[in-house]
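Enquirer: Chain by chain, the residues:
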Amino acid sequence: MSATVERPGRVNPLSRALSDAGVLAWRSLKRIPRTPDMLIYATIQPIMFVLLFAYVFGNAIPIPGFPGARAYREFLMSGIFAQTMAFAVASASVGLADDMSKGLIDRFRSLPMARSGVIAGRVVGDLVFNAFVMLVMVICGFIVGWRWHNGFGQALAAFAILLLFAFAMLWVGALIGLSVGGPEVASSAGLIWLFPLTFLSNAFVPTPNLPSGLQPVAEWNPISSIVAACRHLFGNPSPFASPDGFPAQHPVWLSLIWCALIIAVFAPLAVRKYRSATSH
Amino acid sequence: MAAIEATGLVKTFRTRKNTVKALDGIDLDVPEGSVLGLLGPNGAGKTTTVRVLTTLMAPDAGSARVLGHDVVKEADTVRSLVGLSGQYAAVDELLTGRENLWMFGRLYRLSSQQAKQRAEELLEVFDLTDAADRILKTYSGGMRRRLDLAGSLIAHPKVLFLDEPTTGLDPRSRLDLWQIIRDRVSEGVTILLTTQYLEEADELADSIAVVDHGSVIARGTADELKAKVGGERIEVVVHEPDDTDRALELLVGALGITDLDATTTDHHSRRITLPAPGGSSALVDVIRTLDGGGIRIADIGLRRPTLDDVFLTLTGHEAVVDETKEKA
Ligand SMILES: Nc1ncnc2c1ncn2[C@@H]1O[C@H](COP(=O)(O)OP(=O)(O)OP(=O)(O)O)[C@@H](O)[C@H]1O
Ligand SMILES: [Mg+2]
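Residue numbers (full-length UniProt numbering), protein chains in the order written: chain A, 1 to 280; chain B, 1 to 328.
These are computed hints drawn from the structure, not numbers from a lab. This one's a predicted model, so the numbers in the text were calculated from it and none came from an experiment. All residues carry an ideal CB built from backbone N, CA and C; glycine is no exception. Check before you lean on any hint, since a few could be wrong.
Unchecked claim - Facing chain A, a subset of chain B residues (Cβ under 10 Å, in silico):
id, residue
1, Val72
2, Lys73
3, Thr77
4, Leu81
5, Ser85
6, Ala90
7, Asp92
8, Arg106
9, Ser152
10, Phe161
11, Ala227
12, Lys228
Stated by the list, open to error - As a list, the in silico DMTMM-like pairs of lysine to aspartate or glutamate whose alpha-carbon atoms are at most 25 Å apart:
id, chain 1, residue 1, chain 2, residue 2
13, A, Lys30, B, Glu120
14, A, Lys273, B, Asp60
15, B, Lys137, A, Asp244
16, B, Lys158, B, Glu203
17, A, Lys30, B, Asp130
18, A, Lys102, B, Asp127
19, A, Lys102, B, Asp170
20, A, Lys30, B, Asp133
21, B, Lys21, B, Asp60
22, B, Lys226, B, Glu99
23, A, Lys102, B, Glu99
24, A, Lys30, B, Asp24
25, A, Lys102, B, Glu93
26, B, Lys137, A, Asp37
27, A, Lys273, B, Asp130
28, B, Lys73, B, Glu120
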């Protein structure tokens, strides 16, 4: 009548890790529709950014080499996409800090499950969430007049890069969430450093318009590389202060390198943190 | 074989402000099929002990084995053999009762079908079938606790760790939970449970270890401990604060109490407690003595020994609440 439990060791560790991540991802997805306010805020914020930048600053920020009123909106959307994906950090950090403060992390750690399972499940769940937010932004972008010009295939590649970036940033968020004291701290600790990072990039202001000392920083910034890769793939205006530099010449490669680097550094750190995480 | 064996567990926490020796050489030995009650006040080190024994935390020194497996070196094996129900119900607030149990079942490596079936069984046992499809946010504290406990039983663990399973429950839910725990005992499960209530340890445990400041200061059966404490006690509250000392003096003489350490007086609440070997007959003596001395009584009664009494007797001080422990 009752089920028996397989002892660990009989199960192949990889299939175990995947199955545990799957169960935890199922959990994250189940939770999304049950916290509708979170979903609403997560989509309203980028919509507000689109409208504010497009209509308030749009006319005040010229795009070098691309005259016309529409140019800024074409330029803007990739910046907003990348910024929103970067802010995925917060959903992972708050989610995990919340699980930790509720004692759930302790419970998971007391189960014979894979060490990566809880974070991986969280990351996958949040990724689906962010894909949805992105869909809302794409629609919003279409309404304000943004278009892609290099065909659907290239646009799809751009979206894939954006989600890869979100995936990478979620591991950063996981590390933060498991390191801080509680969900409130996790939300500010997850976001505070992202503001300088996004504003010191090409996301909202063309780098040629920045002070020359900041230009190289802004052009090598990982966020800028994601933005530039998207602009390149969408066929949107993508001005560079140094058009012969690596970031300008190989935006897609640079964005992939950045994502790989972030994952390679933060995924192991987050899993290591999880192993020793305590809920006090 | 001992189901749980711990020797010389030490765990020190360093925070920016201070250093706390949460465990200072804990030794435990729980025979298979028995129940050990770990009794202690806030901050005694109960939760830390449980965390070490359930592999959540490695000790700084000492070692522990559960069913013969080292909790550090064979942590994964230990995890698959034990069930843990932590001090705060650790369940997903946004999942339903059924979903929570299914999830835990899957994480214990049951197939989806097996996990479903096991969830059904447990919901039945814990009387949660009616609430099975409600999200946990809508559960009462007692229901949450029951679900949490159900989650720890999914894999039919041979050893169960329960950290303050009934704290915060109303008397009715507490009795229900006691029954559930007794049922596990009758199935032969070994249980280590922590509690702040002597009464609870008395009710459920075969033997009790009293912990204070990270070490075991006394062990024995509930009866042995109570014998040490001296059974029932009389509690008198006098009317005038100035009368407390004189009342104690009169009573010590009249009842022939030789051990002054076994009495307490508190001027603020005008309360005196005394050992009452004769039970209720001593009550009459107390009333007569105080009346004869012209001291007015505001309240008087017999009460069973509490954790405080045990502490008072064992350590000479009351069970001190460690303020640093309080969760922010
Ligand atoms: N992660 C931690 N960091 C710092 N100090 C800790 C940590 N965990 C426990 N402590 C300290 O260790 C001591 C023992 O704590 P523990 O939680 O084991 O006590 P307890 O007996 O379970 O108390 P309670 O009845 O309040 O649950 C306390 O002084 C507590 O402040
Ligand atoms: Mg505790």
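Enquirer: The structure should be examined with respect to each hint, and the outcome stated for every one.
Expert: Quick rundown of the hints versus the structure:
no., hint, result
1, Val72, "violated (12 Å)"
2, Lys73, "violated (14 Å)"
3, Thr77, "holds (7 Å)"
4, Leu81, "holds (9 Å)"
5, Ser85, "holds (9 Å)"
6, Ala90, "holds (4 Å)"
7, Asp92, "holds (6 Å)"
8, Arg106, "holds (4 Å)"
9, Ser152, "holds (8 Å)"
10, Phe161, "holds (9 Å)"
11, Ala227, "violated (37 Å)"
12, Lys228, "violated (33 Å)"
13, A:Lys30 with B:Glu120, "holds (20 Å)"
14, A:Lys273 with B:Asp60, "holds (18 Å)"
15, B:Lys137 with A:Asp244, "violated (57 Å)"
16, B:Lys158 with B:Glu203, "holds (21 Å)"
17, A:Lys30 with B:Asp130, "holds (21 Å)"
18, A:Lys102 with B:Asp127, "holds (24 Å)"
19, A:Lys102 with B:Asp170, "holds (22 Å)"
20, A:Lys30 with B:Asp133, "holds (13 Å)"
21, B:Lys21 with B:Asp60, "holds (10 Å)"
22, B:Lys226 with B:Glu99, "violated (44 Å)"
23, A:Lys102 with B:Glu99, "holds (17 Å)"
24, A:Lys30 with B:Asp24, "violated (44 Å)"
25, A:Lys102 with B:Glu93, "holds (9 Å)"
26, B:Lys137 with A:Asp37, "holds (16 Å)"
27, A:Lys273 with B:Asp130, "violated (39 Å)"
28, B:Lys73 with B:Glu120, "violated (35 Å)"
This entry does not satisfy hints 1, 2, 11, 12, 15, 22, 24, 27 and 28, going by the numbered hints stated previously.
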